[in-house]
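**Q** For reference, the chains in residue letters:
2 protein chains.
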Amino acid sequence: MTAEIFPKVKTIDLRKKHIGPSCKVFFSHDPIKIVRAKGQYMYDENGVRYLDCINNVAHVGHSHPMVVKAGAEQMELLNTNSRFLHDNLVQYAQRLQATLPEKLSVCYFVNSGSEANDLALRLAWEYTGHKDVITLDNAYHGHVSSLINISPYKFHQLANAEQSKSVHVALSPDLYRGNYRQDHPDPATAYADDVNNLIQKAHEKGHKVAAFIAESLQSCGGQVIPPAGYFQKVAQHVHRAGGLFIADEVQVGFGRVGTHFWAFQLQGEDFVPDIVTMGKPIGNGHPMSCVVTTREVAEAFKNSGMEYFNTFGGNPVSCAIGLAVLDVIEKEDLQGNALRVGGYLTRLLEQQKEKHPLVGDIRGRGLFVGAELVRDRVKLTPATAEAQDIIYKLKEQHILLSADGPHRNVLKFKPPMCFSEEDADMVVEKIDQILTGTLNAPLTFLPANITKSSHDILEGLSSVIVCIRSVTLKTWGEQNQQPLNRQDSCFVRRC
Amino acid sequence: MTAEIFPKVKTIDLRKKHIGPSCKVFFSHDPIKIVRAKGQYMYDENGVRYLDCINNVAHVGHSHPMVVKAGAEQMELLNTNSRFLHDNLVQYAQRLQATLPEKLSVCYFVNSGSEANDLALRLAWEYTGHKDVITLDNAYHGHVSSLINISPYKFHQLANAEQSKSVHVALSPDLYRGNYRQDHPDPATAYADDVNNLIQKAHEKGHKVAAFIAESLQSCGGQVIPPAGYFQKVAQHVHRAGGLFIADEVQVGFGRVGTHFWAFQLQGEDFVPDIVTMGKPIGNGHPMSCVVTTREVAEAFKNSGMEYFNTFGGNPVSCAIGLAVLDVIEKEDLQGNALRVGGYLTRLLEQQKEKHPLVGDIRGRGLFVGAELVRDRVKLTPATAEAQDIIYKLKEQHILLSADGPHRNVLKFKPPMCFSEEDADMVVEKIDQILTGTLNAPLTFLPANITKSSHDILEGLSSVIVCIRSVTLKTWGEQNQQPLNRQDSCFVRRC
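So the sequence lines, in the order shown, correspond to chains R and Y.
Quick note: the first sequence uses numbering that gives the first Met the number 0, first residue 0, plus one each step.
Quick note: the second sequence uses numbering that gives the first Met the number 0, first residue 0, plus one each step.
This is chain R alone, in the form it adopts within the complex:
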């Protein structure tokens, strides 16, 4: 297999011609062509090595030989649907179950986090007979239509967003920027009470709540870590209303948080969701995912009378790959590594917070870490442009990092789990250098009425950096008849 078929310019040209323009590349003014990857490193067509701090999908490391071998050997033998008995399917279900509280014992294998979350909703609708869903602000749960409806992260992007009447958006339990902060005496109760208020309001309108859904730690929403006890209190309210608790582990599961295998377990032993959804890291890049629930919910779903069949879900190749991922996590103690290296990375970033006023908050569990940048530590003015500046400059240093959250000002670390202390040293050292440099060179913001032609001029400049207050996204879209890439939101020139 040739790693490169076309020169980069031709690849870009064909992509423009044949790939949906809504599908954005990283660093769109100068995208990266990656031809191979190993562990936590990716290589471009010229052999330049990039340190990968963002790919939580390549969970046990890019192209891990044990995973590749398991997939290749099973492909050679058999890849068929789950209407036939196969040991990989049941063995994998058994292995996954062993990582979970006992009552979460029934699995449905599907192909993506989106399929998993959609099925979770179907299970909840069927079990409860209710319709409404409570979701967190800034949440992202997937790209199929039912999930766009419960993903404020997505539907807020729409010019003509119309929120479904059966979807209720609860406060994000963000202790740094949210309504109830670290200085609040009991933020867990306060945020859970907000969910309860939504339930009451729904009841007043004659609606009934089928489910509360949340990522165990909010990822796209800004690396938010809910206060311990919050999920228990929410579950009480939701259960009282006859609804279910869905924990979305698509981004954060499989040992990433270090102390536990699942991020919902951070809330305490006394918390067990009714449904858990898994995705991204589950197959180290292979398209697969899973929904796990209780026997009661599964039986209710069956009793609807509708069979569930998923053509690819639970095929022997996907299961072989899933098993190999579990083996590698265990064999290489990657959960332990996440705890150790994640802790080390967090400490390094805390030092940056002490050194640079721009670094407002460091929060993380294991190798899921966020660094929120602010221009003012009291007003918490989001340092969106500066976050984008760092991302772009790190790219020039061959380090891949991203910024996310509603203000795109949270540096988001979620690297392959084989990330090392040396890697952490390298990325934080570069951030330190950039932050020092940035502070010496003041930013000049372009006016709000930036035009298409100035965009064109700027696009050519490698020193272009990106700035935005999230609300200006729409302005740009309206003026230029095209939406902005999240990475590229709007442009700022350094003077």
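In short, the hints are calculated from the structure, not lab data.
Note that the structure is predicted; figures quoted are calculated from it, not measured.
Note that beta-carbon positions come from the ideal geometry of N, C-alpha and C, so glycine has one too.
Certain hints may be false.
[As the list claims (entries may be wrong)] Over the 12 Å line for every Cβ pair with chain Y, so calculated as not near, a few chain R residues:
1) His63
2) Val66
3) Lys164
4) Asn195
5) His202
6) Thr310
7) Asn336
8) Glu353
9) Pro356
10) Arg362
11) Asp375
12) Ile398
13) Pro405
[What the hints assert, rightly or not] The calculated PhoX-like cross-link candidates involving lysine-lysine, where the alpha carbons are at most 20 Å apart (straight line), are:
14) R:Lys37 to R:Lys330
15) Y:Lys130 to Y:Lys102
16) R:Lys37 to R:Lys394
17) Y:Lys378 to Y:Lys352
18) Y:Lys102 to R:Lys130
19) Y:Lys102 to R:Lys16
20) Y:Lys352 to R:Lys102
21) Y:Lys32 to Y:Lys394
22) Y:Lys330 to Y:Lys68
23) R:Lys394 to R:Lys7
24) R:Lys164 to Y:Lys130
25) R:Lys68 to Y:Lys68
26) Y:Lys130 to Y:Lys207
27) Y:Lys429 to Y:Lys352
28) Y:Lys207 to Y:Lys164
29) R:Lys15 to Y:Lys102
30) Y:Lys15 to R:Lys102
31) R:Lys378 to R:Lys352
32) R:Lys164 to Y:Lys164
33) R:Lys32 to R:Lys9
34) Y:Lys130 to Y:Lys204
35) Y:Lys37 to Y:Lys354
Let chain R serve as the given structure and place chain Y on it in line with the hints.
**A** Chain Y in isolation, oriented as in the chain R frame:
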């Protein structure tokens, strides 16, 4: 890799414990454990070989070495998301485009037929600004919630089915059993007029139609082949209403129909859908799929302001596999084989129709063939029990075939494309023997109020065969507090 880990009884036990009970196996009273497969043959744990007449997913043959090699080599090199440039993605898009009419030039790569059809709806909703969807009776378009809504094949299974007010069900253009049959002077116009009537009724209610969606040939719906010209006329009506035409090629694409690469092309050169969705055969079992549309639709979707990102969709491994599938189809002239062997199979089945009154209709294109069984050629009484009897007896002869359609009385041939004339001889010869035997041994139907205990007695008998008039499905479900497997609908004893 060990092909068998557990004894079969343990596999069944673990499956009952850990796999969602809505996920049914084939032949549930005595399911098959398959451990390897090659070409059109599958092998159980004892090395018994089964001829596969049903797996349209293993399109170029089970475990095809060229596909396995392409997947394994790319897995070793790189598997990452499409935010990075990669040549496999653009080369694959270019190759797919070359099989389609020129205006279908923009691809979105996703992970399953369900993800593809859901995205097709999102494209149509966004492009038209309308909401309503027209679907065909008995249609199946996928398992995510938005598609259950437009799949009568699924929502008719629900005890408490509630049809969405924005979904309209058009007559299935079935020339054998439908409202307008082969003796109708112009069934294409008559069926298209039905769609137009639905559009008018929707308009009267103030609704607007976003899309008409149909499989190019209805598969689960009963191997229905719409009359040529029908799609053109429907497209005229739908376009006039501002809607789009979505051709679902998930089951029938990639050369299966023999004369053309895509089944919608059977309608004539003058027909081009606005959106085409692909799935099952696209990756020979690897979870992948694709939506292709026009530049206009793609730009409208982009202008909504919402980015589209699919974690696994279009990854280099999926694209390498997709490219290998296209290569094998071409290199081994599988489209030509489908035309030749499909024609041969159809002729053999036509002879069965002449010989056995039970065989009411033979219809097919290439290796997509249906044989509809009826007890009465005038009344067209569905021979559901007999169809199930054949399926079960073929299984005992180590031949895998299925029955589908709203009455589960259509024998459905959709084998891997390497199916041979010898394979066709073998399956038809066995069917001939079974039909002859069946006719000599009259069936005694169990009464409608079959009880759970009689079910238990019968379940132990290997001679048990399955019977149902589709309407009795619900009766069983109500009496036994459990839904029936489609394969196992209800039981009949041969005397």
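**Q** Work down the list of hints and note, for each, if the structure agrees.
**A** Hints, one by one, checked against the model:
For His63 of chain R, the condition that its CB be more than 12 Å from all CB atoms of chain Y is violated, with the nearest at approximately 10 Å. The beta carbon of Val66 of chain R is not kept farther than 12 Å from every beta carbon of chain Y, the shortest such distance being approximately 8 Å. No Cβ of chain Y approaches the Cβ of Lys164 of chain R within 12 Å, the least distance being about 14 Å, so the stated non-interface status holds. In this structure Asn195 of chain R is separated from chain Y by more than 12 Å, as the shortest Cβ-Cβ distance comes to about 26 Å.
Against the 12 Å criterion, His202 of chain R stays outside the reach of chain Y, whose nearest CB is about 21 Å from its own CB. Annotated as non-interface, Thr310 of chain R brings its C-beta within 12 Å of a C-beta of chain Y; the closest such distance is 6 Å. Distance check for Asn336 of chain R against chain Y: the nearest CB is about 21 Å away, which clears 12 Å, and the non-interface claim stands. No beta-carbon of chain Y comes within 12 Å of the beta-carbon of Glu353 of chain R; the shortest separation is about 33 Å.
Distance to chain Y confirms Pro356 of chain R as a non-interface residue, since its nearest Cβ pair spans about 32 Å, more than 12 Å. With 12 Å as the threshold on Cβ separation, the claim that Arg362 of chain R sits away from chain Y holds: the shortest Cβ distance comes to roughly 24 Å. No Cβ of chain Y approaches the Cβ of Asp375 of chain R within 12 Å, the least distance being about 29 Å, so the stated non-interface status holds. With a closest Cβ-Cβ approach of about 15 Å to chain Y, Ile398 of chain R is found to remain outside the 12 Å limit, as its non-interface label requires.
With 12 Å as the threshold on Cβ separation, the claim that Pro405 of chain R sits away from chain Y holds: the shortest Cβ distance comes to roughly 15 Å. Between Lys37 of chain R and Lys330 of chain R the CA atoms are separated by roughly 18 Å; this keeps the pair inside 20 Å, and the hint holds. Proximity of Lys130 of chain Y to Lys102 of chain Y is assessed by CA-CA distance (about 24 Å); at most 20 Å being required, the pair is judged violated. Between Lys37 of chain R and Lys394 of chain R, the direct Cα distance comes to roughly 18 Å. Compliance with the 20 Å bound is thereby established for this hinted pair.
Among the hinted pairs, Lys378 of chain Y with Lys352 of chain Y is consistent with the structure: their alpha-carbon atoms are about 16 Å apart, no more than 20 Å. Distance check on the hinted pair: Lys102 of chain Y and Lys130 of chain R sit about 40 Å apart at the alpha-carbon level, beyond 20 Å; violated. A threshold of 20 Å between alpha carbons decides the hint, and for Lys102 of chain Y with Lys16 of chain R the separation of about 12 Å falls inside it, so the pair holds. Note on Lys352 of chain Y and Lys102 of chain R: the hinted pairing is violated, with a Cα-Cα distance of about 54 Å set against a maximum of 20 Å.
Distance hint between Lys32 of chain Y and Lys394 of chain Y is fulfilled; the C-alpha atoms sit about 13 Å from each other, no more than 20 Å. With a C-alpha separation of about 16 Å, the suggested pairing of Lys330 of chain Y with Lys68 of chain Y holds against the 20 Å cut-off. With a CA separation close to 17 Å, the supplied pair Lys394 of chain R and Lys7 of chain R stays within the 20 Å bound. Between the alpha carbons of Lys164 of chain R and Lys130 of chain Y the distance comes to roughly 16 Å, so the proposed pair stays at or under 20 Å and holds.
Proposed proximity of Lys68 of chain R and Lys68 of chain Y is supported: the alpha carbons are some 12 Å apart, at most 20 Å. Note on Lys130 of chain Y and Lys207 of chain Y: the hinted pairing holds, with a Cα-Cα distance of about 6 Å set against a maximum of 20 Å. Note on Lys429 of chain Y and Lys352 of chain Y: the hinted pairing holds, with a Cα-Cα distance of about 14 Å set against a maximum of 20 Å. Restraint check for Lys207 of chain Y and Lys164 of chain Y: satisfied, since their Cα atoms lie roughly 12 Å apart, inside the 20 Å limit.
Of the pairs offered as hints, the one joining Lys15 of chain R and Lys102 of chain Y holds, with about 15 Å between alpha carbons and a cut-off of 20 Å not exceeded. Distance restraint check for Lys15 of chain Y and Lys102 of chain R: the Cα-Cα separation of roughly 15 Å lies within the 20 Å cut-off, and the hinted pair is therefore satisfied. Between Lys378 of chain R and Lys352 of chain R the alpha-carbon distance is near 16 Å, which keeps this suggested pair within the 20 Å criterion. Distance restraint check for Lys164 of chain R and Lys164 of chain Y: the Cα-Cα separation of roughly 16 Å lies within the 20 Å cut-off, and the hinted pair is therefore satisfied.
Annotation: proposed proximity of Lys32 of chain R to Lys9 of chain R holds, straight-line Cα distance about 12 Å (limit 20 Å). Restraint check: the Cα-Cα separation between Lys130 of chain Y and Lys204 of chain Y comes to about 13 Å, which is no more than 20 Å; the hinted pair holds. For the hint linking Lys37 of chain Y to Lys354 of chain Y, the alpha-carbon distance of about 34 Å lies beyond 20 Å, and the restraint is violated.
Hint violations for this structure: numbers 1, 2, 6, 15, 18, 20 and 35, all remaining hints satisfied.
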